[in-house]
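Q: Each chain, letter by letter, is given below.
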Amino acid sequence: MEGILNIILLGGMAVTAIAIAKMRNLFVVTMLSGIYSLLSAGIFVLLDAVDVAFTEAAVGAGITTVLFLSTLILVGREAKPRQFRMQAILPFLLVLAVGAGLIFASLDPNMPRFGDPNSPANQRLAPEFLADSVPQVGNEAPTRVGIPNIVTTTLASYRGYDTLGEVVVIFTAGIAVLILLGAARRRREDEELEGPETGAKPEPPKEDSRMADASKEAPGS
Amino acid sequence: MTDLIIGLYNYWIVIILMMVGFYIVMSRQNLVKSLIGLNIFQTSVFILYITLGKVTGGTAPILEKGIKLYSNPLPHVLILTAIVVGVSTTALGLALVVRIKEAYGTIEENEINRMDNES
Amino acid sequence: MRNHLVLRVIAKLLIPFILVFALYVQFHGDYGPGGGFQAGVIFAVAFILYALIYGLENARRVMPPTWLRAGTALGVLIYAGTGIATMFLGGKFLDYSRLAHDASHGQHYGIIAVEFGVGLTVASVMVTIFFVFAGRQRLTDEDPDEENGA
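Residue numbers (numbering that gives the first Met the number 0), protein chains in the order written: chain L, 0 to 220; chain C, 0 to 118; chain P, 0 to 149.
Do not rely on the hints blindly, as some may be mistaken.
Covered, in the sense of this in silico footprint (three residues per stretch, anywhere, with C-beta under 8 Å from a C-beta of chain L), are these stretches of chain C [claimed, not checked]:
(1) 13-21
(2) 35-41
(3) 89-102
One side of the interface only, derived from the structure: several residues of chain P facing chain L at Cβ under 10 Å [as the list claims (entries may be wrong)]:
(4) R68
(5) H107
(6) F132
Hint data in this document are derived by calculation from the structure and do not stem from the laboratory.
The beta-carbon is built from N, C-alpha and C at its ideal position, and this holds for glycine as well.
Next comes chain L alone, as it looks inside the complex:
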């Protein structure tokens, strides 16, 4: 049963991805990528990665779609068709060659099969983490960490440095978006909008004063 669901969901993902590649209406593309994320969340549940599925459903299908939509309002929703056929054919041939090479490589007899408990990925570290977290037989007191969700344990404790780095990356990306889009608002009003804009300037509407407030201490304003 799980195997069949796995095959159907993955097949659905491949179809959605190809549809995304062919579509030119960016609104449709965005919606399809939301579906794509939801399908991948389903696959993560099937493959026992409940935490990952949770995140993918909230982030991929939720926030990413909203962000893409709010970008589309700013940049327009129709992609122009290509001018030269060559631009489509050359990458296609390259992709075909690379894909064929990778599939050939996957036929290697040493490639771990799906769900193989003895695959190299399952040999190191994870058994130690599990042994650390699982209560010993006859001794109900948990060892070392004592938190049932091993993903949380690994995330925050064993790989704490890694997670700290990830949080700093998110922090940096947030600040960078703020610098790129949040701060230049004043300058844009002054420089790019010509003529009629000056008429509106002396009496800015109520929200504008709050917006100015928000970008006051930003650099470059």
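Guided by the hints, dock chains C and P onto chain L, whose structure is given.
A: Relative to chain L, chains C and P alone:
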């Protein structure tokens, strides 16, 4: 033969998804679409990792009495953080796209290249 | 979207539950699926929904951008501060076992603190990003109106 197909099916789909994303990025078109292509590429890598961590007959790695076999939690942790980092970098990319639109008036890659070459 | 009665009522009903669910995911992450990353995103979704339905100005009034920026930095600070605290207690950086007499309890406290930091940063960054994008959009949307009015 069926064994081979079921054992390697996930990898093949991962390769297909990866190549579709790669193609969208390479075939130089709309910048928003390129970002979606990058997302597809990214998700294919996520699926590869999670597939490697799956153990047949195992359950989700949340401890419960009476269960001995769990899937590998390590790939889950790596991918969990990667998804959230992925959305923040996507947002950064979209912010750049918005600025490019404001500076060039277009987000088609070849038009931007042409403008750069002309000036 | 501000004149859709159904949307307004449903959103008002849903948002408290989304927030409570986010807190549940945050603090129950030790026992079930969940944790700081997911909780932060869900928490942010509540505010994004509010901004979508009731407009950006109202959302900014509920969650001022200054707070958001403070939250962004504070989350990282809590995470790193937990590490520094364990160093002061004689351990290594992020060695939570020092936080309590019992190593296991110390680990638990440390993980809760660190996950809270993660959740705070993720939620603040997500809401900030959305506000910034939506703010741009409002400006370009309203410009023609202003020009016509002037």
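Q: All hints are to be evaluated individually against the structure, with a verdict given for each.
A: Structure-based check of each hint:
1. 13-21: Since three or more residues must qualify, the claim that chain L covers the region 13-21 of chain C holds, with 8 doing so at under 8 Å.
2. 35-41: As far as the region 35-41 of chain C goes, the hint holds, because 4 residues have Cβ atoms under 8 Å from chain L.
3. 89-102: holds (count 11)
4. R68: 8 Å, holds
5. H107: H107(P) check passes; min Cβ-Cβ to chain L is 6 Å, inside 10 Å.
6. F132: 4 Å, holds
The structure meets every hint from the earlier list without exception.
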